[in-house]
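A.B. asks: The primary structure of each chain is shown beneath.
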Amino acid sequence: MKPITTESHEHDPPADAGWDYSPAPERTPVPIDESYGLFIDGSMRAPLSRKRFETINPATEDVLSSIADAGAKDVDAAVQAAKKAQGPWARLKASERAKYLYRIARRIQERSRELAVLETMDGGKPIKESRDVDLPLTAQHFFYHAGWADKLAYAFPGRTPKPIGVCGQIIPWNFPLMMAAWKLAPALACGNTCVLKPAETTSLTALKLAEILQEVDLPPGVVNIVTGAGATGAALAEHPDVRKVAFTGSTEVGKVLARSVAGTSKKLTLELGGKSPNIIFADAAIDQAVEGVVSSIWFNQGHVCCAGSRLFVEESVVDEVVDKLRHRMQSLRVGDPLDKNTDIGAINSAEQLKTIERYVDAGEHEGAIMHEFSGQALPDKGYWHRPCFFTGVQPSHVIAREEIFGPVLSVMTFRTPEEAISRANNTPYGLAAGVWTNTGSKVFEIARKLDAGVVWCNTYNTFDAASPFGGFKESGFGREGGRHGLQSYVKF
Amino acid sequence: MQPGRNHLVDSVMVKQRAAAFTKRSIKTEAKSSGLRLAISMLDLTTLEGKDSPEKVRSLCRKALRPYEGTIDPPIPSVAAVCVYPSHVRTAAKVLAGTGVNVASVATGFPSGQYPLEVRLRDVTAAVEAGADEIDMVINRGAFLAGRHSEVAEEIRQVWQACEGAHLKIILETGELETYDNVRRASDLAIEAVDSSGVLKDGDVFIKTSTGKISPAATMPVTLIMLEAIRDHYLDTGVRIGMKPAGGIKTAKQALHYLVMVKETLGDEWLTPDLFRFGASSLTNDLLRQLLKGITGQYMAMHDFSEA
Numbered sequence: 001m002k003p004i005t006t007e008s009h010e011h012d013p014p015a016d017a018g019w020d021y022s023p024a025p026e027r028t029p030v031p032i033d034e035s036y037g038l039f040i041d042g043s044m045r046a047p048l049s050r051k052r053f054e055t056i057n058p059a060t061e062d063v064l065s066s067i068a069d070a071g072a073k074d075v076d077a078a079v080q081a082a083k084k085a086q087g088p089w090a091r092l093k094a095s096e097r098a099k100y101l102y103r104i105a106r107r108i109q110e111r112s113r114e115l116a117v118l119e120t121m122d123g124g125k126p127i128k129e130s131r132d133v134d135l136p137l138t139a140q141h142f143f144y145h146a147g148w149a150d151k152l153a154y155a156f157p158g159r160t161p162k163p164i165g166v167c168g169q170i171i172p173w174n175f176p177l178m179m180a181a182w183k184l185a186p187a188l189a190c191g192n193t194c195v196l197k198p199a200e201t202t203s204l205t206a207l208k209l210a211e212i213l214q215e216v217d218l219p220p221g222v223v224n225i226v227t228g229a230g231a232t233g234a235a236l237a238e239h240p241d242v243r244k245v246a247f248t249g250s251t252e253v254g255k256v257l258a259r260s261v262a263g264t265s266k267k268l269t270l271e272l273g274g275k276s277p278n279i280i281f282a283d284a285a286i287d288q289a290v291e292g293v294v295s296s297i298w299f300n301q302g303h304v305c306c307a308g309s310r311l312f313v314e315e316s317v318v319d320e321v322v323d324k325l326r327h328r329m330q331s332l333r334v335g336d337p338l339d340k341n342t343d344i345g346a347i348n349s350a351e352q353l354k355t356i357e358r359y360v361d362a363g364e365h366e367g368a369i370m371h372e373f374s375g376q377a378l379p380d381k382g383y384w385h386r387p388c389f390f391t392g393v394q395p396s397h398v399i400a401r402e403e404i405f406g407p408v409l410s411v412m413t414f415r416t417p418e419e420a421i422s423r424a425n426n427t428p429y430g431l432a433a434g435v436w437t438n439t440g441s442k443v444f445e446i447a448r449k450l451d452a453g454v455v456w457c458n459t460y461n462t463f464d465a466a467s468p469f470g471g472f473k474e475s476g477f478g479r480e481g482g483r484h485g486l487q488s489y490v491k492f
Numbered sequence: 001m002q003p004g005r006n007h008l009v010d011s012v013m014v015k016q017r018a019a020a021f022t023k024r025s026i027k028t029e030a031k032s033s034g035l036r037l038a039i040s041m042l043d044l045t046t047l048e049g050k051d052s053p054e055k056v057r058s059l060c061r062k063a064l065r066p067y068e069g070t071i072d073p074p075i076p077s078v079a080a081v082c083v084y085p086s087h088v089r090t091a092a093k094v095l096a097g098t099g100v101n102v103a104s105v106a107t108g109f110p111s112g113q114y115p116l117e118v119r120l121r122d123v124t125a126a127v128e129a130g131a132d133e134i135d136m137v138i139n140r141g142a143f144l145a146g147r148h149s150e151v152a153e154e155i156r157q158v159w160q161a162c163e164g165a166h167l168k169i170i171l172e173t174g175e176l177e178t179y180d181n182v183r184r185a186s187d188l189a190i191e192a193v194d195s196s197g198v199l200k201d202g203d204v205f206i207k208t209s210t211g212k213i214s215p216a217a218t219m220p221v222t223l224i225m226l227e228a229i230r231d232h233y234l235d236t237g238v239r240i241g242m243k244p245a246g247g248i249k250t251a252k253q254a255l256h257y258l259v260m261v262k263e264t265l266g267d268e269w270l271t272p273d274l275f276r277f278g279a280s281s282l283t284n285d286l287l288r289q290l291l292k293g294i295t296g297q298y299m300a301m302h303d304f305s306e307a
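Which chain is which? The protein sequence lines are A and B, in order. The first sequence begins at 1 in my numbering and counts up by one. The second sequence begins at 1 in my numbering and counts up by one.
Possibly wrong hints are sitting among the right ones.
[Claimed, not checked] Capping the alpha-carbon separation at 27 angstroms, the derived lysine-lysine pairs in DSSO-like fashion look like this:
1) A/LYS151 - A/LYS93
2) A/LYS340 - B/LYS252
3) A/LYS340 - B/LYS93
4) A/LYS51 - A/LYS73
5) A/LYS340 - B/LYS15
Just so you know, the hints here were simulated from the structure itself, not pulled from any lab data. All values derive from a computational prediction rather than experimental measurement.
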């Protein structure tokens with residue numbers, strides 16, 4: 001590595017040949033069917049719509065399987081199955097419901113390697129992350145909510161929580177299985193039944209989950225899984241027998257859903273986009289703050305709703321932070337997501353890659369300076385974007401205002417804490433924020449003033465089933481996880 | 001970077017980062033070349049009151065030829081043999097002209113609780129006896145009492161007394177206890193030698209431990225020291241060396257350290273000129289794993305000569 005100057009926009013030369021890691025592919029075999037049906041009323045069935053689409057591996061562009069594209073009739077069948085199952089499920093002794101959730105959690109753990117590999121193949125995320133983050137958190141959500149099933153009275157003292165009914169749950173492609181767990185586990189614990197709609201690019205782990213639900217003998221209809229794209233999701237949200245709609249995804253679609261349930265008695269929770277600020281003060285532990293930046297923007301290729309995509313650095317340390325960030329960026333390994341040493345995998349889809357590229361072009365066009373390390377060759381096939389960051393960004397630039405959902409960071413500066421707070425809050429979003437300082441009193445003062453559902457102090461992208469997650473403003477409403485998350489799945 | 005800036009360390013994130021290096025999967029070619037590299041970076045060490053000339057000579061033999069059998073390409077010699085000053089002559093006699101260095105602990109090792117002139121004479125005596133490298137201990141009493149300039153001045157004087165011998169500055173991180181102290185001491189040691197004249201790459205190392213205090217080397221502590229070295233390099237272009245010592249007993253651990261060096265400082269540091277392991281029992285585990293890669297079988301520990 002060469003000494004680094006911040007002024008240069010030139011790409012760094014490749015590192016000298018030295019000790020490099022040999023390929024370390026994860027080889028756990030995963031059986032994938034040639035085609036999948038819909039999981040309705042406890043069994044896999046062919047779609048009434050007769051329509052199908054292909055799901056591919058974004059790292060190779062190989063077709064993995066053919067997925068059913070559920071139409072309105074399919075969605076109706078799923079909702080009816082859920083409606084029929086809901087009464088008996090809710091009347092089941094709560095400790096028995098808990099047992100099912102425990103069994104699901106255990107089975108996920110037992111099959112976690114296989115599920116991690118499949119998650120990586122279908123979605124493009126590095127195996128390191130699906131293995132060490134997605135799968136453990138998925139299992140944890142089922143374990144955690146299994147514990148709540150027979151203790152709901154303690155979650156809401158003095159009140160009698162009752163299930164809502166059929167929940168229509170629409171989840172995104174960035175953490176497919178984990179999002180399914182975030183939605184299903186609390187709903188089931190509270191006595192609801194579910195119709196889950198995974199994202200069209202990442203249906204496979206949800207369909208594998210259907211196998212697990214069969215293995216643990218979950219009563220038919222308690223969970224139904226309908227695959228498809230936006231139209232399937234719309235049919236689900238608009239179905240009159242759905243009592244609750246839970247959606248995680250883009251703010252754009254969230255607004256459409258909010259309009260579609262307006263005027264009905266349906267409950268709605270939305271977990272939408274973000275443009276989360278990450279604030280580094282001069283009195284922070286800079287090396288660790290830089291690590292925090294890495295995990296805040298380059299985790300999961302930046303396909304994270306709470307990604308810290310706006311970095312605010314106190315002016316006196318900006319050169320140091322930028323130097324170290326550039327230095328650190330060189331050790332990120334971009335490539336085969338199934339290689340255990342890969343840090344940055346494939347972009348989830350061709351469409352998303354186009355979006356990211358469009359924003360990067362806009363950033364350069366508006367005069368910001370792009371920094372990336374191009375020393376590593378990218379694979380020939382598949383969808384790839386190197387991790388990068390922009391300096392010289394103004395708060396009015398498009399890249400500083402709109403959600404990119406990719407490994408692209410905007411670096412800006414501030415002089416005083418007041419300026420940091422006002423710049424950080426100057427966004428339509430309010431999902432997450434990060435504060436980096438070694439001064440304890442400052443942590444509390446700043447965190448209180450940030451309009452964000454989650455504020456991480458001296459860490460970032462740290463999750464736990466017991467900790468509620470959700471946003472303000474255009475980042476949505478409702479919480480997932482913890483006692484607060486249960487509230488979205490009960491009525492009184 | 002601001003000169004004299006006080007670098008703080010956040011313990012949660014530094015541990016998280018250090019743990020991330022252990023997740024790297026080092027297989028096949030990378031494993032065998034990493035194991036060979038680690039062997040070439042060893043400072044084979046014996047630092048006991050009962051050390052005998054015979055033991056030192058056998059250690060030197062082991063250093064020159066870590067494995068008795070023949071494999072192709074041959075297993076490299078280690079970097080140095082590290083002994084007390086009284087054994088320097090014995091070691092130098094065996095190792096002269098071989099490329100394996102003689103390192104001597106000095107400055108009232110391991111406590112450093114001696115008058116400065118005694119510590120300096122210790123260094124001079126070791127250098128005169130033929131030591132190529134001096135492993136000094138810093139004055140932890142003065143450091144912890146906040147007398148940082150006193151510590152820096154002592155380091156400068158020791159460096160002058162080395163007269164061309166390489167210097168490794170032992171911080172004894174187990175006694176410094178906090179990560180902030182580790183970083184402070186690293187910066188202080190590097191600045192002390194750097195301010196006393198032009199340094200060449202690898203002239204000076206910083207080193208975690210004497211091996212007499214527990215905990216000795218840990219990955220978070222080593223990472224903090226590597227970051228101090230990186231910052232100094234980015235400021236000045238001078239490459240300071242690093243030596244974790246004590247507690248690294250398995251080949252797997254050694255590979256984790258190499259990963260950490262590679263990803264914190266870059267491949268340029270992956271040479272015995274800039275990175276060393278202070279260890280002795282590690283040697284045979286490195287050999288055992290290396291031979292496993294070649295023969296497909298684990299050999300018994302008694303198949304390897306004692307160090």
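A.B. asks: Does each hint fit the structure? Answer for all of them.
C.D. replies: A quick look at each hint next to the structure:
1. A/LYS151 - A/LYS93: Holds, because 12 angstroms separates the two Cα atoms, which is no more than 27 angstroms.
2. A/LYS340 - B/LYS252: holds, 16 angstroms
3. A/LYS340 - B/LYS93: violated, 47 angstroms
4. A/LYS51 - A/LYS73: Satisfied, since the Cα-Cα distance of roughly 12 angstroms is no more than 27 angstroms.
5. A/LYS340 - B/LYS15: holds, 20 angstroms
Comparing the model with each numbered hint stated earlier shows that hint 3 is the single one that does not hold.
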